[in-house]
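Q: Spelled out from the first residue to the last, the chains are:
2 protein chains.
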Amino acid sequence: MEQESSKSLQKLRGLRREHKELINLMPLQTGGILTNAAREALIEFADGYSVCDFCQGSLCNVSNPPIRDFVQELLPQFLGCEVATVTHGAREAKFMIMHSLARPGDSILVDANKHYTTVVAAERVGLNVIEVPNSGHPEFKVDVNEYAPLIKEHAPKLILLTYPDGNYGNLPDAKRLGEISQEYDIPYVLNGAYAVGRMPLSMEQIGVDFIVGSGHKSMASAGPAGVTGMKKKWEEVVLRKSGKYRNKDIELLGCSIRGVPLITLMASFPSVKERVQHWDEQVSKAQWFSAELEKLGFRQLGEKPHRHDLLHFDAPALYEISKRVREKGYFVYKELKERGIWGPQPGLARSFKVSTFAVDRQQLGYVIDSFKAILSKYA
Amino acid sequence: MEQESSKSLQKLRGLRREHKELINLMPLQTGGILTNAAREALIEFADGYSVCDFCQGSLCNVSNPPIRDFVQELLPQFLGCEVATVTHGAREAKFMIMHSLARPGDSILVDANKHYTTVVAAERVGLNVIEVPNSGHPEFKVDVNEYAPLIKEHAPKLILLTYPDGNYGNLPDAKRLGEISQEYDIPYVLNGAYAVGRMPLSMEQIGVDFIVGSGHKSMASAGPAGVTGMKKKWEEVVLRKSGKYRNKDIELLGCSIRGVPLITLMASFPSVKERVQHWDEQVSKAQWFSAELEKLGFRQLGEKPHRHDLLHFDAPALYEISKRVREKGYFVYKELKERGIWGPQPGLARSFKVSTFAVDRQQLGYVIDSFKAILSKYA
Numbered sequence: 044m045e046q047e048s049s050k051s052l053q054k055l056r057g058l059r060r061e062h063k064e065l066i067n068l069m070p071l072q073t074g075g076i077l078t079n080a081a082r083e084a085l086i087e088f089a090d091g092y093s094v095c096d097f098c099q100g101s102l103c104n105v106s107n108p109p110i111r112d113f114v115q116e117l118l119p120q121f122l123g124c125e126v127a128t129v130t131h132g133a134r135e136a137k138f139m140i141m142h143s144l145a146r147p148g149d150s151i152l153v154d155a156n157k158h159y160t161t162v163v164a165a166e167r168v169g170l171n172v173i174e175v176p177n178s179g180h181p182e183f184k185v186d187v188n189e190y191a192p193l194i195k196e197h198a199p200k201l202i203l204l205t206y207p208d209g210n211y212g213n214l215p216d217a218k219r220l221g222e223i224s225q226e227y228d229i230p231y232v233l234n235g236a237y238a239v240g241r242m243p244l245s246m247e248q249i250g251v252d253f254i255v256g257s258g259h260k261s262m263a264s265a266g267p268a269g270v271t272g273m274k275k276k277w278e279e280v281v282l283r284k285s286g287k288y289r290n291k292d293i294e295l296l297g298c299s300i301r302g303v304p305l306i307t308l309m310a311s312f313p314s315v316k317e318r319v320q321h322w323d324e325q326v327s328k329a330q331w332f333s334a335e336l337e338k339l340g341f342r343q344l345g346e347k348p349h350r351h352d353l354l355h356f357d358a359p360a361l362y363e364i365s366k367r368v369r370e371k372g373y374f375v376y377k378e379l380k381e382r383g384i385w386g387p388q389p390g391l392a393r394s395f396k397v398s399t400f401a402v403d404r405q406q407l408g409y410v411i412d413s414f415k416a417i418l419s420k421y422a
Numbered sequence: 044m045e046q047e048s049s050k051s052l053q054k055l056r057g058l059r060r061e062h063k064e065l066i067n068l069m070p071l072q073t074g075g076i077l078t079n080a081a082r083e084a085l086i087e088f089a090d091g092y093s094v095c096d097f098c099q100g101s102l103c104n105v106s107n108p109p110i111r112d113f114v115q116e117l118l119p120q121f122l123g124c125e126v127a128t129v130t131h132g133a134r135e136a137k138f139m140i141m142h143s144l145a146r147p148g149d150s151i152l153v154d155a156n157k158h159y160t161t162v163v164a165a166e167r168v169g170l171n172v173i174e175v176p177n178s179g180h181p182e183f184k185v186d187v188n189e190y191a192p193l194i195k196e197h198a199p200k201l202i203l204l205t206y207p208d209g210n211y212g213n214l215p216d217a218k219r220l221g222e223i224s225q226e227y228d229i230p231y232v233l234n235g236a237y238a239v240g241r242m243p244l245s246m247e248q249i250g251v252d253f254i255v256g257s258g259h260k261s262m263a264s265a266g267p268a269g270v271t272g273m274k275k276k277w278e279e280v281v282l283r284k285s286g287k288y289r290n291k292d293i294e295l296l297g298c299s300i301r302g303v304p305l306i307t308l309m310a311s312f313p314s315v316k317e318r319v320q321h322w323d324e325q326v327s328k329a330q331w332f333s334a335e336l337e338k339l340g341f342r343q344l345g346e347k348p349h350r351h352d353l354l355h356f357d358a359p360a361l362y363e364i365s366k367r368v369r370e371k372g373y374f375v376y377k378e379l380k381e382r383g384i385w386g387p388q389p390g391l392a393r394s395f396k397v398s399t400f401a402v403d404r405q406q407l408g409y410v411i412d413s414f415k416a417i418l419s420k421y422a
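Those protein sequence lines, which keep their order, are chains A and B. The first sequence begins at 44 in this note's numbering and counts up by one. The second sequence begins at 44 in this note's numbering and counts up by one.
Among the clues, some could well be false.
In this list, chains with the same sequence are indistinguishable; a pair is considered to hold if it fits within one copy or across any two.
Keeping only pairs whose Cα atoms sit at most 20 angstroms apart, straight-line, the calculated PhoX-like set for lysine-lysine is [what the hints assert, rightly or not]:
1) K420 with K371
2) K316 with K50
3) K420 with K50
4) K50 with K184
5) K415 with K347
6) K54 with K316
7) K200 with K274
Because the hints were derived from the structure by calculation, they are not lab data.
Produce the complete structure using the sequences and hints provided.
A: Quick look at the structure:
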């Protein structure tokens, strides 16, 4: 036991990340790669609670570093909302909203492409989750018009749409759902964990009550970090204050990301604000990459033409190989890693997900050539 | 508006921390200063979700970096508990426990010296908070025997003790309360945000059901991060899994600190495990410092002799000065900062809190001399 423990302790020394220098196509990670400014801020504010030097009791009111300006001015502008706050991440924001708007036993309505944490957050509150189905293989599209009859049937306390979903990168008609939510007067939550910080987005233009974003997924921030925008009318519901400590948010337990994730979120923000302006280039890059991979016999799932950098491919050729090689599905990971590429989930071969967000066309050309080479090698 | 926004945006560039190089006596920060190993790991794993490269669906099961060994082997040993997990911080752990063990309308029993987040977490669950009083000025001691009659009166769902509290650094008789909790068969939560990572502590020896620690407060970790230990019997209650996603913790919404705070917590752990062995030196250093400040006319509040590095002083002499200087209470902060010292909350003069944890006797000697010099200057 003692020996085992000292071995485990030894493992904690000199922690290294294997994938650090590789071409990164990992969908969870491509939008969360830090800017240089964030790397500097990370070191500057490394120590625990270092963002709290000048706290007067509320994280979002700290003026040095300029958290107040960021949360109360820049974020609302960026999200196109009236009130914003910061959270530990998108899932924690969803829980906060559900916990504020619904009671155990209530129902909520979500799209079938939801992130698993939408369901887990609802479970934590004790809610029934009703799903709006998708169209199934190969496009898995969600038709938001199908929310309407289910709203009538289940009288949900809120509706949620995943925009885009993390499995297929589909972008359903969020604006149309805004009209439906207004028609039925039901609070509408947009999970934009893969949208906010990647593509231009305005809560007001879409017509949602809440927008939820993820710092580590799409805002070039260390994890975990998140942002939430809301209509003014929800401030007193979701950001209600403690009865005993008047400047403390109940749902945030006082303060949320009191440390480095917030400082990286802030330091990257100028670049993030700028990069969403180039979203059309990201989309055409993704479409080109998808078309090239399809030429190799892979089949892109989800919407076509695709409008997001998250791409999911059926890969029958890789799957056939995986059945006859020693490493099974891991051969894809191994072969790509040997070529300096990191992305598809290790072990999966039948289908795989990648994101083209963090790499340029030249690097993607190399990725395409690498897939070609792998297919030839095992042909 | 546009101009204002670009000014705010400008402020986000080149974020700097004023207090970075100062002698740090800030109670919230002295236990959260990173080790060099943590600083290296912070940079290595800077990017969002970089700890998740080899995730198979559960953060606490990731073997590279060795999160599984850390959470499932090293932490339980360190905390003297059967089961451990990681959280966003002590407050989030308290909420998780309360949310799992109590229902809206239930009561819980806490010490009067509790951290404000204990109350806010209870409010978030919808609980009534009953307080066990302290002895008032100047010692503010909590006699844990007073829990017993209040348990009989209110039938609380759990009892909580703050060990030590952040205001006075008092260490109440946690072990005696363990006996009481067993006598009445009531779950007992120890908030060790200022203990775990500073002083030796064993959940089993004290006889608690849950122990809660803070990475950024006492474990040389970037914020926010926390640890929780519990008895095996609570695992299925607090760490219950999603009905739909069998490897996802409901209360952790799947995963908690999925990023840099966890990696710094792990990288610092070998040093933290070692440093708690030198707690007696910390205590004698604090006692010596306290005695020296009392010679200057300050009066240490809380237990005497003091058994923790968190120190709270009444400072009538500083208060008198603050009434007649231009900067009011801020003169203390300003004078100390000019001398390279950072600690007491800016603006406060009547009383102030410091922690001697992160500095040696020589530096503390300089701090004492600085207080002397400030008192002389304004005499």
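Q: Please go over all the hints and tell whether each is borne out by the structure.
A: Hint check:
1. K420 with K371: within (15 angstroms within a copy, 76 angstroms between copies)
2. K316 with K50: between (45 angstroms within a copy, 14 angstroms between copies)
3. K420 with K50: Intra 39 angstroms, inter 56 angstroms, cutoff 20 angstroms: neither.
4. K50 with K184: neither (49 angstroms within a copy, 42 angstroms between copies)
5. K415 with K347: Neither way: K415 and K347 sit 23 angstroms apart in one copy and 74 angstroms across, limit 20 angstroms.
6. K54 with K316: between (39 angstroms within a copy, 14 angstroms between copies)
7. K200 with K274: Answer is within: at 16 angstroms inside a copy they meet the 20 angstroms cutoff, but 37 angstroms across does not.
Consistency note: the structure conflicts with the earlier hints numbered 3, 4 and 5.
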